[in-house]
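For the protein sequence lines, the chains are S and F, in the order given.
Residue numbers for the first sequence follow our numbering, beginning at 1 and rising by one.
Residue numbers for the second sequence follow our numbering, beginning at 1 and rising by one.
Just so you know, these hints were derived from the structure itself, not from any lab.
Be careful, since some hints might not be right.
[To be verified] Restricting the straight-line Cα-Cα distance to at most 20 Å, the calculated cross-link-like pairs of lysine to aspartate or glutamate (EDC-like) are: (1) S/K106 with F/E53; (2) F/K57 with F/D38; (3) S/K106 with F/D59; (4) F/K57 with F/E30; (5) F/K17 with F/E79; (6) F/K69 with F/E30; (7) S/K3 with S/E66; (8) S/K69 with S/E58; (9) F/K17 with F/E30; (10) F/K69 with F/D56; (11) S/K3 with F/D59; (12) S/K109 with F/D38; (13) S/K52 with F/E53; (14) F/K71 with F/E1; (15) F/K71 with F/E30.
[Unchecked claim] Taking CB as the label site, the calculated pair distances span: (16) S/T26 with F/D56: 24 to 34 Å; (17) S/D67 with F/D56: 33 to 43 Å; (18) S/T79 with F/T13: 32 to 42 Å; (19) F/S82 with S/I74: 37 to 47 Å; (20) F/T13 with S/P76: 37 to 47 Å; (21) S/Q45 with F/R44: 10 to 20 Å; (22) F/T13 with S/G29: 42 to 52 Å.
For clarity, every value in this text was computed on a predicted model and none was experimentally measured.
Backbone N, C-alpha and C define an ideal beta-carbon position, used for all residues, glycine too.
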Amino acid sequence: DAKTTQPTSMDCAEGRAANLPCNHSTISGNEYVYWYRQIHSQGPQYIIHGLKNNETNEMASLIITEDRKSSTLILPHATLRDTAVYYCIVRVAITQGGSEKLVFGKGMKLTVNP
Amino acid sequence: EAQVTQNPRYLITVTGKKLTVTCSQNMNHEYMSWYRQDPGLGLRQIYYSMNVEVTDKGDVPEGYKVSRKEKRNFPLILESPSPNQTSLYFCASSFILAPYNEQFFGPGTRLTVL
Numbered sequence: 001d002a003k004t005t006q007p008t009s010m011d012c013a014e015g016r017a018a019n020l021p022c023n024h025s026t027i028s029g030n031e032y033v034y035w036y037r038q039i040h041s042q043g044p045q046y047i048i049h050g051l052k053n054n055e056t057n058e059m060a061s062l063i064i065t066e067d068r069k070s071s072t073l074i075l076p077h078a079t080l081r082d083t084a085v086y087y088c089i090v091r092v093a094i095t096q097g098g099s100e101k102l103v104f105g106k107g108m109k110l111t112v113n114p
Numbered sequence: 001e002a003q004v005t006q007n008p009r010y011l012i013t014v015t016g017k018k019l020t021v022t023c024s025q026n027m028n029h030e031y032m033s034w035y036r037q038d039p040g041l042g043l044r045q046i047y048y049s050m051n052v053e054v055t056d057k058g059d060v061p062e063g064y065k066v067s068r069k070e071k072r073n074f075p076l077i078l079e080s081p082s083p084n085q086t087s088l089y090f091c092a093s094s095f096i097l098a099p100y101n102e103q104f105f106g107p108g109t110r111l112t113v114l
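Turn these sequences into a full structure, and let the hints steer you where they fit.
Shown next as structure tokens:
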């Protein structure tokens with residue numbers, strides 16, 4: 001199983017871009033990178049996913065290095081409501097049916113300061 | 001509104017008193033799963049179900065039971081709760097759509113077993 005490593009915590013000023021790094025050096029060629037976040041004991045919330053190309057949606061951008069060994073989640077204009085634990089997850093597939101189990105590590109606590 | 005609901009949201013009970021935590025989703029998802037979250041241990045999968053009448057153990061199934069008689073419901077049953085099952089529980093659901101699916105999480109159930 002590919003694993004991810006993230007910093008334990010990070011601070012960001014409100015209105016600035018938050019760049020959240022993740023290392024996944026053992027990722028295999030067909031595994032996706034997912035990002036979820038959890039705001040203060042609420043249920044985790046999907047943010048974005050990617051395979052090789054950079055991705056952008058209304059919440060964030062995901063930059064994946066060419067060798068796919070690391071990625072960066074970018075929140076372009078962080079707000080106080082973005083304070084949360086962010087999880088970088090590499091897809092772990094269950095053997096049949098194409099479904100998947102999400103393996104959540106400890107994540108990274110992002111604090112957005114006024 | 002597409003959502004996963006859990007009930008109850010908070011529960012305090014005593015050792016040995018059987019309880020059920022309900023989970024329901026309105027998105028016609030095939031895949032449903034239960035996680036528990038404990039400080040320092042992250043989210044761990046308890047049981048999952050890939051469709052009606054199909055369930056399987058996750059990483060920490062001991063002391064729990066589940067059933068999937070209908071597509072929308074996936075109750076978690078604690079036949080004889082013990083204090084080590086005090087935790088924050090999340091239900092999640094998704095379509096089975098390899099290689100990517102977004103899991104939707106419920107709001108959580110905080111269980112205390114005395």
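Checked hints:
no.: 1; hint: S/K106 with F/E53; result: violated, 32 Å
no.: 2; hint: F/K57 with F/D38; result: holds, 19 Å
no.: 3; hint: S/K106 with F/D59; result: holds, 16 Å
no.: 4; hint: F/K57 with F/E30; result: holds, 16 Å
no.: 5; hint: F/K17 with F/E79; result: holds, 7 Å
no.: 6; hint: F/K69 with F/E30; result: holds, 12 Å
no.: 7; hint: S/K3 with S/E66; result: holds, 18 Å
no.: 8; hint: S/K69 with S/E58; result: violated, 25 Å
no.: 9; hint: F/K17 with F/E30; result: violated, 31 Å
no.: 10; hint: F/K69 with F/D56; result: holds, 14 Å
no.: 11; hint: S/K3 with F/D59; result: holds, 16 Å
no.: 12; hint: S/K109 with F/D38; result: holds, 16 Å
no.: 13; hint: S/K52 with F/E53; result: violated, 36 Å
no.: 14; hint: F/K71 with F/E1; result: holds, 18 Å
no.: 15; hint: F/K71 with F/E30; result: holds, 7 Å
no.: 16; hint: S/T26 with F/D56: 24 to 34 Å; result: holds, 26 Å
no.: 17; hint: S/D67 with F/D56: 33 to 43 Å; result: holds, 35 Å
no.: 18; hint: S/T79 with F/T13: 32 to 42 Å; result: holds, 38 Å
no.: 19; hint: F/S82 with S/I74: 37 to 47 Å; result: holds, 44 Å
no.: 20; hint: F/T13 with S/P76: 37 to 47 Å; result: holds, 45 Å
no.: 21; hint: S/Q45 with F/R44: 10 to 20 Å; result: holds, 19 Å
no.: 22; hint: F/T13 with S/G29: 42 to 52 Å; result: holds, 47 Å
Hints 1, 8, 9 and 13 from the earlier list are contradicted by this structure; the remaining hints agree with it.
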